[in-house]
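Mind docking chain B on chain A? Use the hints.
Here is how the chains run, residue by residue.
Number of protein chains: 2
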Amino acid sequence: MQSNPVLIEVTRGPLVESVHKGAIAVVTPAGASVLSLGDVQRPVFPRSSIKAFQCLPLIESGAADHYGFGDAEIALACASHTGLERHAQLAAHMLAGLGLDEHALGCGAHMPLGSSAMKALIRSGREPSQLHNNCSGKHAGMIATALHLGEPIEGYFDARHPVQRRVHEVLSGLSGLPLGDDVMGLDGCSVPNWAMPLATLARLFARLVTGAGLPPERRRAVDRILKACWSEPELVAGPGRADTVVMRKLPGRIYMKPGAEGVYAGGFPEHGVGFALKIDDGTTRASAGAVMALVERIVPEARGLMARKVLKSWRGIEVGEIRTAPALERALERLDTALVG
Amino acid sequence: MQSNPVLIEVTRGPLVESVHKGAIAVVTPAGASVLSLGDVQRPVFPRSSIKAFQCLPLIESGAADHYGFGDAEIALACASHTGLERHAQLAAHMLAGLGLDEHALGCGAHMPLGSSAMKALIRSGREPSQLHNNCSGKHAGMIATALHLGEPIEGYFDARHPVQRRVHEVLSGLSGLPLGDDVMGLDGCSVPNWAMPLATLARLFARLVTGAGLPPERRRAVDRILKACWSEPELVAGPGRADTVVMRKLPGRIYMKPGAEGVYAGGFPEHGVGFALKIDDGTTRASAGAVMALVERIVPEARGLMARKVLKSWRGIEVGEIRTAPALERALERLDTALVG
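Chains as they are written, first to last, in the working numbering: chain A, 1 to 341; chain B, 1 to 341.
Hints in this document: simulated from the structure, not taken from any laboratory. Each hint should be verified, as a subset may be incorrect.
The list makes no distinction among identical chains, and a pair is therefore deemed to hold if it is satisfied within one copy or across any two copies.
[As the list claims (entries may be wrong)] When the alpha-carbon atoms are kept at most 25 angstroms apart in a straight line, the in silico DMTMM-like pairs for lysine to aspartate or glutamate are as follows:
#, residue 1, residue 2
1, Lys309, Asp336
2, Lys312, Glu127
3, Lys309, Glu234
4, Lys312, Asp158
5, Lys227, Asp71
6, Lys119, Glu85
Looking at chain A on its own, in the form it has when it is part of the complex:
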């Protein structure tokens, strides 16, 4: 396995204490490389970054219209939400509209991702339910699609269920790859996830944000999904999260979505490019740092939206920082020329 360059450095005092390697691809809808740093052909699991694609059958099947899902419900179906009561209640509302409740979900329960949501839940003395799972909206949308199409809703999360076969068709069709069992793993919420080269993942997002080469019906579905996420950025993640903060400030100009294990992907409609990045070690602090470096370089208005990551001791003394490494800095300088020049 080729060694990827260091993208992010974590300093302490005068030294670099830890490093995060990874790869970044920025490509056009036709697949032309605008930036390629590290091994962008290595297959990566997109994880939650592809929730917008997993949501396409909900729109294209007519299920979203049938159940009266608006921007809020569609945004939640594309979300890795932080488990606020607002998120959990909206997922419950989506299920209630189907005549179901949280027991129909197969995503499993976990503590809210957001620390304030987690503290509030613990303080209330309640245990987390499946509604607090960051994927509860996605799962409610999958169940809605099955129900609308007259399919059994039991086992909707299984790779052989029509719900997941449709997701497979979307991803396989857009990537041009077979996406067989040899690249299939289960996500934390138990639905299948297919690994694909990082550059291919970036291309999927280039097509998502430009609509390039998509048939009219799919283009309308994509537009509806993007509009929903840009209209309800608090539902896509939660307060303080980079994707929420950036998309609230710059709707229509940046679409971005993180995935577990150090994945981040998205696109820039006005530049006509998509991107995908993966941190080799799967660390969120590194993917969060790398994506903001990329976003700020391509869209200067994003600068300052997320604070520089200073590391402080527990008594508040600055002890280090999380910063972009020289290889990433140099690549971003080349990117300027590629996009502008």
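Chain B in isolation, oriented as in the chain A frame:
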């Protein structure tokens, strides 16, 4: 910077999803290499792994005797505890014995490291205090030393304070390195920490667990510290933590202590070797996996004490695992020969 080998792999379905690189050194008290994997000359901050060394002045100054500190107090002074009430109350008790309370501490407050301790604290409606800081025992011990020696206790955490100068003398003396400001950073609890080559850190632990080359007084102090940690392993970390579990089962045979940013160090008295490892990306899941692979290879009785790290989806399906990488497996096979043959 030379690239270190992959020590730990994280799989999902049929693929390796994330990797953790790092270095491991196993050395004798004289500094002879028994195992060297990766760049063991690169300086690393030992972080909390060196708490036993930071505790030496507490014993050698006579402060521990003066204040009647027994195994429990000494173990807590060497701990990164999980913030259980038992831990917090013992730290408070140590301070009360000095006529002080938690406000004398300079470590800062953070949520208990242990999830059950954290939940219990949140449920009680209280905020974390400095007593819940995983370093509260170490800080109480540092304050005790200053008080016993008639030094001001204000600013005891500052690198220029006699308390920290003594720690510097211990580490500089044992390592034979100047440990100047060019390798000094502040730890999360605001006390200075000095980076040293990984192999040097391993040698410090070889001397700690064998007493080799130490003057009689220091040897007695070291013995007292190790006995305290082996007698009170729940105070050194907390239930379920690898160091607590292993040292409770195998006292006298293994001393081990983690540090932040993927550091683990310790030693094996009967084999007469010390070890230190550092994960490049600073991830705990990787240092925990690597240290158990090493410990289980050197002391077979440790096998099975910590469960194999299976990754499960939130509904309980096995989706992957955290496993030792081929380079680490091969190195551990060579280690067998080196230690036994």
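List of violated hint numbers, smallest to largest: Checked against the structure, no hint fails, so every one of them is satisfied.
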